[in-house]
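Turn these sequences into a full structure, and let the hints steer you where they fit.
So the sequence lines, in the order shown, correspond to chains S and B.
Numbered according to UniProt numbering, the first sequence spans residues 1 to 610.
Numbered according to UniProt numbering, the second sequence spans residues 1 to 309.
Warning: the hint list may mix true and false statements.
One-sided excerpt, in silico: chain S residues whose CB lies under 8 Å from chain B [as the list claims (entries may be wrong)]: (1) V62; (2) G64; (3) L149; (4) L302; (5) Y364; (6) G371; (7) E374; (8) N382; (9) A517; (10) L520; (11) K554; (12) L556; (13) I564; (14) M567.
These aren't lab readings, by the way, just hints derived from the structure by calculation.
Note that the Cβ used here is the ideal one computed from N, Cα and C, for glycine as well.
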Amino acid sequence: MTDTTKTPTPENTAPATTAPRGPLPLPTAAARALLLAGGLATLASTFLAWTWTSEFPGDLTVYGYPGGLQWLTFTAGLLTTLFTLASYQVRGLRWLLPAGNNTPLLLTAVGAFGVTWFTILAIAIELGGLVNLEPGGWIAAVASLLPLLGALALPPATATSGTGSTGGTKETIKAYVAKPEHIPAAQPLNGWAQRLIITAVTALGLAVFTYGIDTEYGELFIGYLIVVVFAVWALHTAGLLDRFSRLVAANRGFTLAMGFAAAIAFPFTQTDDHYANIGVNILIFGTVALGLNIVVGLAGLLDLGYVAFLGVGAYTAALVSGSEFSKFSGVQFPFWAAALTGMAASLVFGVLIGAPTLRLRGDYLAIVTLGFGEIFRIAVNNMDGQSGPDVTNGPNGIPSIPDLKLFGFNFGNPHDLGGFTLGRFANYYLLMVLIMAIVVLVYTRAADSRIGRSWIAIREDETAATAMGINGFRVKLIAFALGASLAGLAGTVSAHVTYSVVPTPYQFAGSTPPNSAFLLAAVVLGGMGTVAGPLLGAALLYLLPEKLDFLQDKSLLAFGIALILLMRFRPEGIIANRRRQLEFHETGQLDIPDTPTLTGEPAVTTKAGA
Amino acid sequence: MNTLPQQLANGLLLGSMYGLIAIGYTMVYGIVQLINFAHGEIFMTGAFGALTVYAYILPHGTSMWAAVPLMLIGGAIVAVLVAVGAERFAYRPLRQAPRLAPLITAIGLSLALQEVVRNFYPGADKARSFPSLDTTHDLGAVTIKDADIFLIIAAIVCMSSLAYFVRKSRTGRAMQATAQDPDTAQLMGIDTNRIIVIAFAIGGLFAAVAAVSYGLKYGNVDYRMGFLMGLKAFTAAVLGGIGNIYGAMLGGVVLGIAETLASAYINNIPGMQQLGGQSWANVWAFCLLILVLLLRPQGLLGERVADRA
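Here it is in structure tokens:
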């Protein structure tokens, strides 16, 4: 509308000869040098002592090698240095910056700055004053500031220079953290090199993840989050993640196998069964989130009582587990039968709830499932023989559930395997990996099938889908029932892992996972409609309250606000499903091909023209 | 006091409270087809707004005749501000988004409001006592409290003035037009954004009235009170036919009476001896919701077919 009547203003005609610059007035060469020098100085500073007392967790008092949080600064500094060297076109590192943009430099510099200053401030605050810093700490603080200054003096690669700096600060920041629109395709690699890269990345991923789980104190976990977030963001804006996902797409089966190999390898890297316990809880949480993702992400049905299906599975398994506190204490099903019973019970409830409500607008389902979750909580709390039938033992739950035995393998005892000792939780962890594999298989196969496509069609536009001959009600009921039974399956294992089932975890909202609000948050945060998204979301949402115990009280508040902000600013979640992303941001841009068109401009199809 | 007339009176009172809250769901739904899940929490903030007036602003020992109107005003200000703020900052940016987005926002908002009150309102992590009107009156078969009289009068006044407002006033008719067809209404010169804000504000106002009645009746308020009340009020709105303001009130009353009767008499049915009592009342309320959705999804007074995609 406005474009047609626009007359050239002095700003538009201003000479575009001035070289694009960042906000800080420094020549580009000096800025780059500052980045490199700062990066190297940051690396060097981690070998110094930052504080004099070992009261601060992690050993930051030694000269000669990094410790604790210094390792994180080291990593971030290393990344900054590597990216800077790549921007110097150093041979062998050029692949780090395929698009040649400056954004990754800035992001890694911010990461290094953030983690270093966080450490310094944490030392000063926890030990009471800046006097607790050794010279090394001051050096680190200054050294990590230099790359940030350097990066801010570099022009953002995507700057639309020439129009002057008319854009507000919002625009400037956007230009700084934007991913370049076009990333040159990598030169083709042969098969084994591709697989080698995938293997290396998987191993790296496992190492990073394991480090995160093994962090022993809150400060280290915060530092870890700072470094990981900025590093991944930098890799994303550098275009390396896009390249990697292309590799993955070409070797889908191999990547999946590597992923599971990494998941299986996790307990072997752990010496303490406590971390395997965290691992198994994340897996249970993740599996249930993935089941919910079928319902929410694929079929677009909002299920707010999903954790109740987990509860149905867990209670069913507990009742037939042979626990002496169970109503049917004489009955002890073998695991496969208990798992099937738990799934069947959840399925029955899923159909009972779904059948009346799925005929209606989706909002009704949300509220009915919310009601069902509440009914479940009330019912198990009251079925203690006093204020209701005697089934679930009320608020005391069903304790002392015996450990599983499969083929003579007792899950409760530690086992030695090739020099590694696998504790109780490690055993269950491996069982959960198996169940997770089943769920992932069900998820991917279902999503690619005729039914999966019907789910997506229903989600996008129910009226149109019905007009195309899809039986909306039937398809939705299948999604709902499938989701319910997968949750029931996960519930049967979780009953055995936790020794007892009690009503408290199975409510709508609570400060520890799993509960329906956390499950939903995991799916939404991770990315609806993807496999990796809910798993990542579940891991994050489990680790955050677990590691940051000072957050305990405020975690639900933080999640509530995070959900609102997510829906407002990034509704597709961390790992975006391509289709979802287009759906949420109807910018009119469809897929842009990799190869430039004849004019050198990326092909842009407007929605109206499509 | 477990006679049938008494139970009916209890149900009617409970139901009027559900109805007042249900108005908020039904008006917003009627106009923007959005279920404002956070409405129960708006009710809860209204209660805490009223409590603030009583506990921190009014001098100690103010007569209840003076305190109750001021508490109503305080509760209304807080609830209306929260409702309008939610519309402006959480829902309006998502009006064109896929319909899952506002629902998830509403969940987030509801959690956030609960947690804000729990964390930052003094003493709100446990139930806080609220001034109650406990004087009882014996009317033959039925005994009621002062708080019940307040509730009944408030419900009647609110409902009749709402009915008058929607039917007769210019804004009310603009509301009806927007509910029928927002696009055409806009073409006719109606500021639909303003109408939506008004719908949220009226919902907040009625929720505040219900919240004050709740406090006066039960004598305490807590940060979780909005969750179940909101859920039941939504049930009432669906029961009466969502989008219909008379339906909301009727649904509330039906639900209240059904719930009260179920908790009082269901244990007389052979085989269900242990399923009576207050703890199971919520279960029966939701069973009623599922039953209604199964048999009459458009609700008792439903006007629109309930499956708009």
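| field | Restraint check, 8 Å cut-off on beta carbons, for E374 of chain S near chain B | value | Because about 6 Å separates E374 of chain S from the closest Cβ in chain B, which is inside the 8 Å limit, the hint holds.
| task | Would you settle whether the hint for L302 of chain S is holds or violated, based on the nearest Cβ-Cβ distance to chain B being less than 8 Å? | result | Holds: closest Cβ of chain B sits about 5 Å from L302 of chain S, inside 8 Å.
| request: Closer than 8 Å between Cβ atoms is the bar; does A517 of chain S clear it against chain B? Give me holds or violated. | output: Nearest chain B Cβ about 6 Å off; hint holds.
| message | Does M567 of chain S hold up as a contact with chain B if the rule is Cβ-Cβ below 8 Å? | response | Hint on M567 of chain S: holds, closest Cβ of chain B at ~4 Å, below 8 Å.
| query | Quick one, is the G64 of chain S hint okay against chain B at 8 Å, beta carbons? | reply | violated (45 Å)
| query | Hey, does the L520 of chain S contact hint survive, CB to chain B under 8 Å? | reply | holds (7 Å)
| said: Checking hints one by one. Is K554 of chain S an interface residue toward chain B, by the C-beta closer than 8 Å rule? | reply: holds (6 Å)
| task | Report holds or violated for the interface hint on L556 of chain S, using the least CB-CB distance to chain B and a cut-off of 8 Å. | result | Holds, because the Cβ-Cβ distance from L556 of chain S to chain B comes to roughly 5 Å (cut-off 8 Å).
| Going by Cβ atoms only, is L149 of chain S closer than 8 Å to chain B? | violated (36 Å)
| said: Can you verify the interface hint for I564 of chain S: is its Cβ closer than 8 Å to any Cβ in chain B? | reply: Holds - the Cβ of I564 of chain S comes within 8 Å of chain B, reaching about 4 Å at its closest.
| said: Given V62 of chain S as an interface hint, is its Cβ closer than 8 Å to any Cβ of chain B? | reply: At about 40 Å, which exceeds the 8 Å cut-off, the nearest Cβ of chain B leaves the hint on V62 of chain S violated.
| request: With chain B as the partner, please determine if G371 of chain S meets the hint condition of a C-beta pair closer than 8 Å. | output: Holds: closest Cβ of chain B sits about 4 Å from G371 of chain S, inside 8 Å.
The structure shown violates the earlier hints numbered 1, 2, 3.
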